[in-house]
Every structure is written in structure tokens, then in C-alpha cells.
Amino acid sequence: MSYPVEQNDKFSAYAYPERLVSTEWLAAALDGGALADGKLVVVESDEDVLLYETGHIPGSVKIDWHTDLNDEVTRDYVDGKAFAALAAAKGISRDSTVVIYGDKSNWWAAYALWVFTLFGHEDVRLLDGGRDKWIAEGRAITTDVTAPSPAEYPEVERKDAPIRAFKEDVLAHFGKPLIDVRSPEEYTGQRTHMPAYPEEGALRGGHIPTAASIPWARAAAEDGTYRNRGELEALYLGEAGLKEGDDVVAYCRIGERSSHTWFALKYLLGFDTVRNYDGSWTEWGNAVRVPIAKGAERGTVPA
Amino acid sequence: MSNQTLPAALAEIVDDFQALTEPERLQLLLEFSQGLPELPDRLKDHPELLEQVVECQSPLFLTIETEKQDPGSPESVRLFFKAPPEAPTTRGFAGVLHEGLDGLTAPEILAVPDDMPELLGLTRAITPLRMRGMTAMLGRIKRKVAASAALKA
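For the record, the sequence lines run as chains U and S. For the record, in the first sequence the residue sitting at position 57 is 57 according to our numbering, with numbers rising by one throughout. Just add 1000 to wherever you are in the second sequence, counting from 1, and you've got our numbering.
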């Protein structure tokens, strides 16, 4: 870790406190000139492609999940070459400390962090509470264009296996825990898309058999910060029934909401093996000869 | 689809978008989001008079009214939108439709092709999902205009 890690009571209870920073910590770091030498880079990643332009943390750069991180031709993430070019253009070096924040309780920020992790970027952290908390606290926001000094970033091969699950992996995973982070209506099959969001073309409604339903936002408090360790344990160890050492797969609709849960399981509760199934319901719900369960019951392991 | 069937103001907006690179198009959409007029007070205080377009990714409410400039002229349709500042993409679409369609007659609005939003050249940058939201916004306007015209016929 190249930048000092924040120490506070809430974070120190987590398995990897170095993965979060508070708004106070970031504000103090910025005041101290942390952005000057590229050791610390602040990245905003939002659902809305224009939100950053309406005002962002001074000195922060924007990374868009759709235009920057996805490869539209392969339904995959960008490769090492494209990621290196993106990072370099944003002023990020391999040893930079990257702090990511975004809208909607860091939903998309967690997704960007997960993609950074696919490339093994070592020191990448989330701003606890994200964009909304920063603004609610009246902290500095600007529409000034950030012009980062280009950095050098090596071409690193993406390593999917440790934190990314494909459909075949999920089929082979049956018998081990799955977490469905979508809304209850999506889980039961009453609807195939998020409430108030447009239909996204899944042919069947329901969930992956045996998956526990823990909507992603339950891991966030009202101010968008992650709930404390005790609350997260009640949710995932208690309600979902996970046990220490479990190998877990989380999924949602296209893998963005489940990145938020992936972060909580991996870094806050310390599960070693947690994978995000980014194909999620838009793949599973449409796939041929793949079983689903309907209704509120988790269902049983398919024969 | 060609621009020839579009009302002049909308055709001009489409031309502006098409002349730009993708990052510039996003910037222009941002400007439209900033230019979206506030609701008049009589609607501001009556959210029940607006309808939500649920297909949009962010909360977007709209309504229409008709007015006559003078007794001999055809009625023109006025458009009203409400979308939060933290949803600039949605606001931008609303701004495009407002500038392109506000004050036109019902037949002029009904003649706008349903897939007009595709002409803005934004699909790649803002995801097909959001384009569906904009198409739904136009569809809702046309449905309301058609219903209002039918009532008067």
C-alpha cells in the first residue's frame, strides 16, 4: 500500500480496513496536496455518464463503466492493453493509490473497483458513502476540467479466475452458497428488471436455484456508507447463512450491484473466495437448459 | 430514416449532434440538460398532474398542455418535464425534446418517427438501455398528444 491507511474504529473492525477511506480522510488528503504527484488518484464512476460533468471532487478523473471498462464487441471487459491506456491517460501508475467514489451508494464505483482488481491493481479503495455523502457534507465540488499528467501503466494480463465467475463456474458451484443481490421482485420472478428501470430482456423471471436473497442496498446505511461489521455479519452470516471459509458467488442483473456485495464479502467480512458472476440474470435468465427457481423459496440443487 | 420528416427545430438539433464527435455529443447533451426549463409554479405544486415515464432509468415526469395563440390558428402543444439534477442524461433528453417539439401542433408531433432518438448518435456512449428510456419519453409524449387530440375531435 503506497498511501497511508486510514485508522478509525469502524474500519478497523473490517477484515481489510485499508480498502475504505472516509470523506474526512479524503478531504484532508486533498488539502495536503495528495494529488500533486500522482501517488493518489481519485476516480469518479457513476451510473449516469454525464453526472461527473455536473460537478465532481476537485482533481478527480472520470471512468465510465460502459464506455471505458466494457468491450462492446465481446461482452467482456477491456484487455490489458486498453486498461493500461485508460489508466495512463487518467494519471494512474501501477503503484498509485486509487480512491474510487460514485453515485447510488458507490454501486458503480464498486464495479469499477472490481474491474481494477481483475487487473491486479494493488491499492484501490472506495470512498465510504460515495458522491452523495461528500456532497451532503458540503465538501468541495467543481466543474473544472481535470487534466491529469499522463502516467505509465504496464500492460497487465487480466486475471479473471479468482474473483469472476462464468456461467459454467456457477453450474459447477451448485451445493456452495450463492447470493442474489437483486430486488425481491426480481428474485421471485415477479419481474425481470429493477423496479422503475426498463425491461432488459430476460426471458424468464426467478433466481439461480439455492441462491439466498440479500438485496445489495441492505449492506449500505442511509448515508450510503457500508454498514458496520456486526450488521454485515447479521446479514450475510445470519440471514444468508454463510459460514467462515465459504466459497461464495454473488450475482445480479449484469454484475454491477453484485460488485457492491462482492466488496462487502471480500474486504469487509474477509471471505477469501468470493466471485462476481457478471453474466448474471441477463445471461442465466436467457440461457438454454439452465435451471431456475421461482418464488420466495431458495430452491434445491438441480439433479 | 432521413431527417426530412422531422420538424425544423428537431432536425436542426439532430444535425448539430450528427456533426459532432462522440465526446462532443455528450457535452451537447449536458448543455441540453442545463437548458431544460423549470416547471411553472402551477405544475410545481401539483406533481399529480405529471406522469412518470417508468422506462427511464431516473425519475422523469412529464405532461402536455394545448394553447391557441389566436382564434384562427391551430392549437399548439406545450411540453413540461421534471427530472432531478442528478440525472443529467435523462434531463438532456428531455431538453432535446423540449427544444425540438415545444409549441408545435399535434399533427407535427405525431409525425415524428418513433426511433428519432437513434438519430442523435448517442447509443454507443450512453448504452442501449438509456436510448430505450428516451424512446419511451417520446412515445409517452405522442400518446398523450394523440389522446388529447382525440378528445377534441
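There could be a bad hint or two in this list.
[As the list claims (entries may be wrong)] One-sided and incomplete, this derived list gives chain U residues near chain S with beta-carbon spacing under 7 Å:
hint : residue
1    : D48
2    : V49
3    : L50
4    : L51
5    : E53
6    : T54
7    : T67
8    : N70
[What the hints assert, rightly or not] Simulated restraints on C-beta separations:
hint : chain 1 : residue 1 : chain 2 : residue 2 : range
9    : S       : T1005     : U       : A296      : 22 to 30 Å
10   : U       : D79       : S       : P1040     : 45 to 53 Å
11   : S       : D1016     : U       : E222      : 29 to 37 Å
12   : U       : R75       : S       : K1068     : 22 to 30 Å
Simulated from the structure, these hints should not be mistaken for lab results. Note that the Cβ used here is the ideal one computed from N, Cα and C, for glycine as well.
Taking the hints in turn, this is what the structure says about them:
1. D48: Result: holds, 5 Å to nearest chain S Cβ.
2. V49: 5 Å, holds
3. L50: 4 Å, holds
4. L51: 6 Å, holds
5. E53: Cβ of E53(U) sits 5 Å from chain S, so the hint holds.
6. T54: Check passed: Cβ of T54(U) comes within 5 Å of chain S, closer than 7 Å.
7. T67: 6 Å, holds
8. N70: Violated. Min distance 9 Å.
9. T1005(S) x A296(U): 22 to 30 Å: Given range 22 to 30 Å: violated, Cβ gap about 49 Å.
10. D79(U) x P1040(S): 45 to 53 Å: Holds, at about 52 Å.
11. D1016(S) x E222(U): 29 to 37 Å: Taking Cβ atoms as reference, D1016(S) and E222(U) lie about 42 Å apart, which means the hint is violated.
12. R75(U) x K1068(S): 22 to 30 Å: 52 Å, violated
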